[in-house]
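Colleague: What follows is the residue order along each chain.
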Amino acid sequence: MTDAFLAELRASAPPAPERLRERVEAITAHEPRARASWREWLQPRRAVLVIAPAALAAMLAVAVGHGVFETPGQHETALSPPYAERAKSRPARVPAPTNPHRSGAFDRGGGASAQGLKGIAGAPPARGRKQDYRATLTVRLASVGRMSDAMKAAINATRRWGGYVVSAQYDVPGRNGDAQLIVRIPVQHVQAAIQRFSNLGTLAAQDVSIRDVQGRLDDYTRQLASVAKLVAKTRAELLDPTLTRAERAVLEARLTRAQARGAYLRGERTRLARTASFATVTLNLTTRAAAAAAPHKQGDVERTLRDAASILALELAYGVFALIVAAPFALLALLIWLGARVARRRADDRLLGST
Amino acid sequence: MTDSRATAYTGCVSAVELPARHPNATAARPTFAAAARAHLDDVYRYLLYLTKDGTLAEDLTADTFERGLRAWPRFDPRRGSARTWLCQLARTSALDHFRAEQRRHRREERYARDEPVAAEHHAGGLSPELEAALARLSPAEREVIALRVVLDLDGPSAARVLGIRESACSTRLSRALDHLRREIGTDD
Chain E
504 MTDAFLAELR ASAPPAPERL RERVEAITAH EPRARASWRE WLQPRRAVLV IAPAALAAML
564 AVAVGHGVFE TPGQHETALS PPYAERAKSR PARVPAPTNP HRSGAFDRGG GASAQGLKGI
624 AGAPPARGRK QDYRATLTVR LASVGRMSDA MKAAINATRR WGGYVVSAQY DVPGRNGDAQ
684 LIVRIPVQHV QAAIQRFSNL GTLAAQDVSI RDVQGRLDDY TRQLASVAKL VAKTRAELLD
744 PTLTRAERAV LEARLTRAQA RGAYLRGERT RLARTASFAT VTLNLTTRAA AAAAPHKQGD
804 VERTLRDAAS ILALELAYGV FALIVAAPFA LLALLIWLGA RVARRRADDR LLGST
Chain A
99 MTDSRATAYT GCVSAVELPA RHPNATAARP TFAAAARAHL DDVYRYLLYL TKDGTLAEDL
159 TADTFERGLR AWPRFDPRRG SARTWLCQLA RTSALDHFRA EQRRHRREER YARDEPVAAE
219 HHAGGLSPEL EAALARLSPA EREVIALRVV LDLDGPSAAR VLGIRESACS TRLSRALDHL
279 RREIGTDD
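Protein chains in written order, with the numbering used here: chain E, 504 to 858; chain A, 99 to 286.
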């Protein structure tokens, strides 16, 4: 027998009753006028085609914008490679200036012509806070004959401000020479010192580094107060005549430890406060023409491109980082979604198989 | 019944029907009222086979078109025809109803025995044997028969409505027809 029932099924398919037709017509009568919505237009594939180039353009715009507006082109000069190498080889206590326009809020540095840095005497130290202030200046002199005078002038000025010389190196083998002077100057005079040292010749580079130590000082003070309380309490306990010999020995040991700790903290606090009350200024003097503030031939465009590239690299690094961080969560969410979908489908199958 | 027989039911595409991924599908998007007019009978038949209850099928059909009206802006003709989309909505309506019924049934089971089941009402001019045989099939079997035989949906569209692969849909249809054949005693 052929499947006659199939033909019967198809032939006798019931139409929708008239009352249902009226209900549905009443529903569709409320259909709003068709208008193209952005959701209709923004299909996933089209969205990717629009969003991806837009994101790329935004990344490039940020990178180029940063490169153009943030690069301090007109104020920057560069040390010639031989001088830079010499500067690195010196036993300087403060690192030579590197990549000046990468400095943060508490670092200000960079090569500059004396003209460009007129009036810029480094970042001022904060009032009311103790800071570890370090500055490195590179000053070009016209001739080796002026090297000795410049050194003397710097040392005299340092002493006049109440500072002292940490180290001095003088190296004048021939027509060219270098000298390095490291001095400690009371922080209240550091700006004047930087200004004075800059005027010794042509300022070729300046690097200022400020590190706040007030937090550490406050921490020492708090610990000292706590130790003082412990000492006082232990001494009071030792006055008790009913103490046994063993108890007294324990208390005395505790007192000794607390006193030693207090002495150590006082010493550290004093050392830190003394360090913070003086700024370390490194003055590099040179007569080498290469170290002069000669403008970089291919400076601005090259630096702009380099900055744009570094920002792009940074954006990519952040993107990869975000991807690495988000990937496990995204995978977990996907697995949960797939699991929920499978569970729902099975529940539907059970429902239709048993209803 | 073989898979080849199961896929033999094709054709009968209405005026509003557009094949999936038709290049001009976007341009030929109908209004919802037109789609409702064109596919009302199909949706009703599908729900009637699924629920075995004419009154319930009517209610669910109306519910389907209410949902459809709200969701119509999201309908994408490139992903499937309006009829397939409406059948998917109808299935969701029916499943929601079944779930609600199941919950209600569980609640009531705590307090009373089952009510006597209401007489099944299957509109249409089917013979009593065929109607009884259909009533003995599971809703899953009836719905695949409704989609592939009564509504004449093609394999991919029916599979899309059921949310399964096309091969699984063919297998389900084959088993459903075998079961129906056994029930009406024409297994030869």
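Keep in mind the hints are simulated off the structure, nothing from the lab.
One or more hints might be untrue.
As the list claims (entries may be wrong) - Taking lysine to aspartate or glutamate pairs in the DMTMM-like style, the calculated list, with each CA pair at most 20 Å apart, reads:
(1) Lys150(A) with Glu264(A)
(2) Lys150(A) with Glu750(E)
(3) Lys150(A) with Glu521(E)
(4) Lys150(A) with Glu281(A)
(5) Lys736(E) with Glu750(E)
(6) Lys150(A) with Glu771(E)
(7) Lys732(E) with Glu771(E)
(8) Lys150(A) with Asp715(E)
Colleague: Look at each hint and say if it fits the structure.
Modeller: Here is what the structure says about each hint:
1. Among the hinted pairs, lysine 150(A) with glutamate 264(A) is inconsistent with the structure: their alpha-carbon atoms are about 25 Å apart, more than 20 Å.
2. Simply put, lysine 150(A) and glutamate 750(E) have alpha-carbon atoms about 93 Å apart, too far for the 20 Å limit, and the pair is violated.
3. Between lysine 150(A) and glutamate 521(E), the direct Cα distance comes to roughly 19 Å. Compliance with the 20 Å bound is thereby established for this hinted pair.
4. For the given pair, lysine 150(A) sits about 17 Å from glutamate 281(A) by alpha-carbon distance, which is consistent with the 20 Å threshold.
5. This hinted pair checks out: lysine 736(E) and glutamate 750(E) have alpha carbons roughly 14 Å apart, not beyond 20 Å.
6. Of the pairs offered as hints, the one joining lysine 150(A) and glutamate 771(E) is violated, with about 90 Å between alpha carbons and a cut-off of 20 Å exceeded.
7. Annotation: proposed proximity of lysine 732(E) to glutamate 771(E) holds, straight-line Cα distance about 19 Å (limit 20 Å).
8. Restraint check: the Cα-Cα separation between lysine 150(A) and aspartate 715(E) comes to about 81 Å, which exceeds 20 Å; the hinted pair is violated.
Checked against the numbered hints given earlier, the structure breaks hints 1, 2, 6 and 8 and satisfies all the rest.
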